[in-house]
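Participant: In case you want the letters, here they are:
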Amino acid sequence: MELILTPEEEKFRDEVREFVSTEVSEEIRRKTMTGFRLNKEDHESWQRKLYAKGWMAPGWPVEHGGTGWTPMQKHIFEEECAAAGAPPVIAFGVTMVAPVIMAFGNQEQKDYYLPRILRSDDWWCQGYSEPGSGSDLASLRTKAVLNGEHYIVNGQKTWTTMAQHANLMFCLVRTSDEGKRQEGISFLLINMEQPGVTVQPIKTIDGSVEINNVFLEDVKVPVANRIGEENKGWTYAKYLLGHERTSIAAVGRSKAQLKRLKTIASAEEQDGKPLIHDPTFKEKIAGIEISLLALESLVLRVLSDESAGKGPGPEASFLKIRGTEVQQGITELLIEAIGNYAHPFVPESMETGWNEDPIGPEHAASIAPHYFNWRKASIYGGSNEIQKNIIAKAVLGF
Amino acid sequence: MSFAFNEDQKLLAETVDRFILDDYSFEQRRRTIAMDGGFDKKNWGRFGALGWLALPIPEEFGGLGGSTVDVAVLLEGFGRGLVVEPYQSTIVLGAETIALAGRVDQKKSLLEKIAEGKKLISFAHTEPRSRFNLQHVELTATKDGESYKLNGEKAVVHNAETADLIIVSARTSGDIRDDDGITLFLVDPKTEGLEFRSYPTIDGLRASELSFDSVVVDSEQVLGDLNTGLKVLERVIDRASVLLCAEAAGAMDTAVKLTVDYIKNREQFGQPIGAFQVLQHRSVEMLGAKDFSRALTYRAAGLIDEGSPNDRARAVSAAKVEAGLGGKLIGQEGVQLHGGMGMTDDMAIGHFFKRLTMIDVLFGNVDFHRRRFSQIS
Ligand SMILES: Cc1cc2nc3c(=O)[nH]c(=O)nc-3n(C[C@H](O)[C@H](O)[C@H](O)COP(=O)(O)OP(=O)(O)OC[C@H]3O[C@@H](n4cnc5c(N)ncnc54)[C@H](O)[C@@H]3O)c2cc1C
Ligand SMILES: Cc1cc2nc3c(=O)[nH]c(=O)nc-3n(C[C@H](O)[C@H](O)[C@H](O)COP(=O)(O)OP(=O)(O)OC[C@H]3O[C@@H](n4cnc5c(N)ncnc54)[C@H](O)[C@@H]3O)c2cc1C
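Line order of the protein sequences matches chains A and B. Quick note, the first sequence lines up with residues 1 to 398 if you use our numbering. Quick note, the second sequence lines up with residues 1001 to 1377 if you use our numbering.
Do not take every clue at face value.
The calculated lysine-lysine pairs, modelled on BS3-like cross-linking and capped at a C-alpha distance of 25 Å, are [what the hints assert, rightly or not]:
hint, chain 1, residue 1, chain 2, residue 2
1, B, Lys1328, A, Lys284
2, B, Lys1143, A, Lys388
3, A, Lys282, B, Lys1328
4, B, Lys1257, A, Lys203
It is worth saying that the hints were derived from the structure and are not from the lab.
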């Protein structure tokens, strides 16, 4: 599935390809390609290499450290990184909180946080959801009470991805119970390494621990850590959610996974022949590939609208829906491809340092856990049902 | 073909449902999985006392001579609680193979003990490269005087590490995927040259990879006739597939109930999320998938003891397809409608999803059985 590129774009692609192929270590490539777990260092060391090259934040304006690339160049970059098995850049800092800081933060906040994000000095997490506030985010209840130069924050966040690694959390809190619910929310940056913050891991159905409960008990947050105005946090949060959407489509990653699927389906046998020659299976792969092609085309359109100054419209919700359907569809075909070796469950074998022989083919170990894990994609980032509600309301005018 | 349960079946259904309700909660199951060998020997004793182990075993060998429908009723009940005890390995595959293929002395020495819960059997047929093809047997058994030497590998053998005896399919003649030339053996797991690599499965069971390096098996331990094992395997696995669909029906039933219950109670936007019609429709589709799958399963269970080989095969494949599709829909939607909660290891729904997914993989998935159905006229 090749993009049609101009000669300059081809030159750019070759430059990126050259960079990633030398900078992504063999060990990391093996881990991402077999679906083994990446640790914090794996992510950070890759992000530092990107920083050194000046490629950490392709989505940012040049004055803050962006690359000034065209949408097509950004797309090529994503695709090449994924194809080479580079670890995904952790989105919470560079693609989620940074645009909010740029748009609504004060000068001091910009000067302090943005360079740190570029250098991966901090690990961010997103504190939006609460036990009682998932799809109905505006009902959130974590309370922040102003006390002199500080807010005192009490409440609980949940499903907080990678909070166990994070030293900072961007967080929605309730600062007022007056008027509309949306008018009483503020956007705070909370230091996770202080008294009153407790992170409790939540194990998911695939046996991994990537989400957490975060308990906040009398946590002191300086007023200087509030982004923008008090009670305007909902507007900022929605701005962020729009930004989340194009990256959540993950076209490059899906292309790399599709390639992996084809490799595995060529290695797996059915009646002594490669599974990929089975007409039914072949058609299923074609179905996903076409779906991904349509997704890529829409992503490129949205990106070019964006560079023409139009923000991501509510149609961007389609990118989230289709993007996650494609991701999940690939995991479904992967689990079909490995047949009986979907059964064994040896989570240790996906960790760094495991050096026993695999059970069955090495490519099989992570596949069933990933299939179960990726069910999350149609739930997080605004569930796919909520995305449809958004389109129904904002596009179709229901 | 009768579509209603008889009195005995109704009673059995009630007894097993009560057992699950009283003694097989999600928490108890979790503790059971952590036990040595991956199941609770006390439960196994109770199954024996309740006559569940004896259920399909012929009366002349100490069993109750129950029909496939009877066993389906029991397994549907097991599915509601995701029972992990080795009923499939020991009874559905093990005792059934012995009853079908064994010599009288083998049946006499084994079946009664199995019915009493004193012997556990494991069934080793699948191989690393066999996928779902029943004919595919690479493991060889070569005659050497009064015994055979077994060489090769078996893959994902459930409950092998706790078994007293393992039924092993081996090639005594012909090529890797020939119909003829497969022979079944009863192998003592402690025999020299037989190595185990055991592990948990993603749906909470235990399995092993077995490797055979010149494992010596006495020719007395041949199970059934030489070279004609495929016929036995086909029968046994067809029946096991239907019973697996019965387990799926029970698991689907609980998964639907858990989900409907959850969305009736979970509130967002000031109302139960179950008030949104889009979620009501999704729940209705889940319920329908369960009902259709269950109906087809009992149809196949009724046919399997009576019908012609072709009727039997088509009925089984049809049931397995519907159970695979239904299990996938119900598992995925069940998790989705639970939102973030559905992703957590602490909620039961994800465990039902995992078991339903693995049921599709066992004995041939949807594609495999659709193809098989289309190829039998
Ligand atoms: C793996 C994972 C990682 C996550 N990471 C983060 C994170 O880092 N930070 C963070 O803040 N949050 C995170 N989340 C939370 C995520 O955003 C929420 O789970 C999501 O918004 C859904 O909320 P909920 O879980 O409360 O489900 P609910 O809102 O209770 O929804 C349950 C079901 O009802 C449906 N539903 C709800 N309302 C409607 C409606 N009006 N119409 C139709 N259907 C509806 C939903 O689509 C869903 O299927 C994560 C979640 C997961 C699973
Ligand atoms: C993780 C996640 C991602 C999401 N992504 C998006 C997204 O990108 N875009 C999107 O529209 N929704 C998104 N949603 C959905 C959104 O947050 C709400 O769940 C949904 O819009 C319905 O919520 P609501 O009725 O409370 O708010 P809304 O639909 O936003 O509005 C309800 C009422 O509140 C008023 N209101 C809204 N905002 C303000 C404000 N800032 N100040 C004063 N009044 C206000 C409106 O005028 C309206 O009358 C997302 C939800 C989640 C959980």
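Participant: Mind checking the alpha carbons of Lys1328(B) and Lys284(A) for me, to see if they're no more than 25 Å apart?
Facilitator: Given pair Lys1328(B), Lys284(A) holds - Cα atoms ~16 Å apart, limit 25 Å.
Participant: Taking 25 Å as the top limit, are the C-alpha atoms of Lys1143(B) and Lys388(A) close enough?
Facilitator: Violated. Lys1143(B) to Lys388(A) sits at ~66 Å, over the 25 Å cutoff.
Participant: Decide if the proposed pair is consistent with the structure: Lys282(A) and Lys1328(B), CA atoms, cutoff 25 Å inclusive.
Facilitator: The hint holds at about 21 Å.
Participant: Holds or violated: are the alpha carbons of Lys1257(B) and Lys203(A) at most 25 Å from each other?
Facilitator: 23 Å, holds
Comparing the model with each numbered hint stated earlier shows that hint 2 is the single one that does not hold.
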